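K.L.:
The residues making up each chain are set out below.
Protein chains: 2
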Amino acid sequence: MSNEVKASSRERLLEAAATRSYVDGVNIGVEALCKAAGVSKRSMYQLFASKDELLAASLEQRAPGFAARLLPPADDVRSPRERIRYVFERVEAEAAAPEYRGCPYLAVQVELKDANHPASKVAHRVKEGLTSFFREEATRGGASDPDLLARQLSLVFDGASARAGIQADAPAGLLGPTVDVLLDAAGVH
Amino acid sequence: MSNEVKASSRERLLEAAATRSYVDGVNIGVEALCKAAGVSKRSMYQLFASKDELLAASLEQRAPGFAARLLPPADDVRSPRERIRYVFERVEAEAAAPEYRGCPYLAVQVELKDANHPASKVAHRVKEGLTSFFREEATRGGASDPDLLARQLSLVFDGASARAGIQADAPAGLLGPTVDVLLDAAGVH
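If you're matching them up, the sequences are chains Y and D in order.
Heads up: the first sequence at position 117 corresponds to 117 in this note's numbering, and the numbers run straight through without jumps.
Heads up: the second sequence at position 45 corresponds to 45 in this note's numbering, and the numbers run straight through without jumps.
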């Protein structure tokens, strides 16, 4: 393969792995992935050591976009409370889309059931980044226990996105009041 | 098959479907399930129309045990607040086991990504039962908005059990304070 063809095949495989695993689950087969990407199995194995590595790489590649979609810009002037609430407003907006299936970084870990899988490790790290964001804002906002508040907000994030993804509940009218109660109790005004 | 053999094969298949899908996920193959149950594929298909139906039946069969493990006895004398807290103390106790992988009725829906799958339907119904329990206790306990509180508690239940199941966090020191804040805010004392 030329370098250009390689780059394009790689991009298409990463795209297919991210989108197909989100819709069909991590157990989607190599054949189906290659077919969706329009890449031969032989080419796939020239680019990635295994399907597991392809899946991990696709989650890694999507991580900056995940953060950009959910977190407020670093330089905005809102208060820590508003910056935390912003994340949940974004979840509420995303969950309203009919194709929403919950947080991909939670789903992949629930599905793989193996914390040592390369894709689980990437997903775990991405979500730790979200918890760190909550912890920093909680600290800046004067929370009585920033670590507890960050864990609570992460729990609410995962619970709400999972329940929206399986159509058990919708975040609208639920997420805002829940986050407010937790922020109030922690003294983040 | 004699009726006795049938009953025993059926039980073993239900047991295998429940335990193997919890550990390995819903995509476990028919061969592996039959092997775990010590039942031929032919016998399996005499007892269940499909693997999907077997999975749904196994979740249905486990539902009374799920409720018995998590909910307080119907005739106990605790207050609604204590009865709600009891559920989360049970989650905390269960999540401490090394083999804990989160709530099976959440996991199966996250994995199947199909609300119309027979197993998703069973799981959805079982979890609605839990939300109904919360709503009834919230009402008895004088919650300002029993429906909102029930949704919040269901969200916390799923968030905490999912995060414990993927080893992102443990409920200890997190679940109690979170539930207390929500109960306080709703006026359930």
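Treat the hints as calculated values from the structure; they're not laboratory data.
These figures come from a predicted structure and were not determined experimentally.
Some clues are possibly wrong.
Where chains are identical, the list cannot tell them apart; a pair therefore holds if satisfied intra-copy or between any two copies.
Straight-line C-alpha distance at most 20 Å; calculated EDC-like pairs for lysine to aspartate or glutamate [said to hold, decoys possible]: (1) Lys113 with Glu128; (2) Lys113 with Glu99; (3) Lys113 with Asp24; (4) Lys121 with Glu99; (5) Lys41 with Glu99; (6) Lys41 with Asp75; (7) Lys35 with Glu15; (8) Lys121 with Glu31; (9) Lys35 with Asp114; (10) Lys113 with Glu94; (11) Lys6 with Asp24; (12) Lys41 with Glu92; (13) Lys35 with Glu89; (14) Lys121 with Glu136; (15) Lys121 with Asp75; (16) Lys6 with Asp147; (17) Lys6 with Asp114; (18) Lys113 with Glu11; (19) Lys35 with Glu92; (20) Lys35 with Asp184; (21) Lys41 with Asp145; (22) Lys41 with Glu4.
K.L.:
Confirm or reject each hint.
P.N.:
Against the structure, the hints:
1. Lys113 with Glu128: Close inside one copy (18 Å), not across copies (24 Å); limit 20 Å.
2. Lys113 with Glu99: Close across copies (11 Å), not inside one copy (24 Å); limit 20 Å.
3. Lys113 with Asp24: both (16 Å within a copy, 7 Å between copies)
4. Lys121 with Glu99: between (25 Å within a copy, 19 Å between copies)
5. Lys41 with Glu99: neither (28 Å within a copy, 36 Å between copies)
6. Lys41 with Asp75: So Lys41 and Asp75 fail the 20 Å test inside a copy (44 Å) and across (61 Å) alike.
7. Lys35 with Glu15: Classified as within: same-chain Cα gap 12 Å, cross-chain 36 Å, threshold 20 Å.
8. Lys121 with Glu31: neither (24 Å within a copy, 30 Å between copies)
9. Lys35 with Asp114: neither (27 Å within a copy, 22 Å between copies)
10. Lys113 with Glu94: between (25 Å within a copy, 17 Å between copies)
11. Lys6 with Asp24: neither (26 Å within a copy, 34 Å between copies)
12. Lys41 with Glu92: The answer is neither: 38 Å in one copy and 45 Å across copies each exceed 20 Å.
13. Lys35 with Glu89: For Lys35 and Glu89, the Cα distance exceeds 20 Å both inside one copy (36 Å) and across copies (48 Å).
14. Lys121 with Glu136: neither (22 Å within a copy, 40 Å between copies)
15. Lys121 with Asp75: neither (29 Å within a copy, 45 Å between copies)
16. Lys6 with Asp147: Neither, since 44 Å and 54 Å both go past 20 Å.
17. Lys6 with Asp114: neither (30 Å within a copy, 35 Å between copies)
18. Lys113 with Glu11: neither (27 Å within a copy, 25 Å between copies)
19. Lys35 with Glu92: Neither. Shortest intra-copy (33 Å) and inter-copy (44 Å) distances fail the 20 Å Cα cut-off.
20. Lys35 with Asp184: neither (51 Å within a copy, 54 Å between copies)
21. Lys41 with Asp145: Neither way: Lys41 and Asp145 sit 51 Å apart in one copy and 55 Å across, limit 20 Å.
22. Lys41 with Glu4: Close inside one copy (18 Å), not across copies (49 Å); limit 20 Å.
The structure does not agree with the numbered hints 5, 6, 8, 9, 11, 12, 13, 14, 15, 16, 17, 18, 19, 20, 21 stated previously, though it agrees with the rest.
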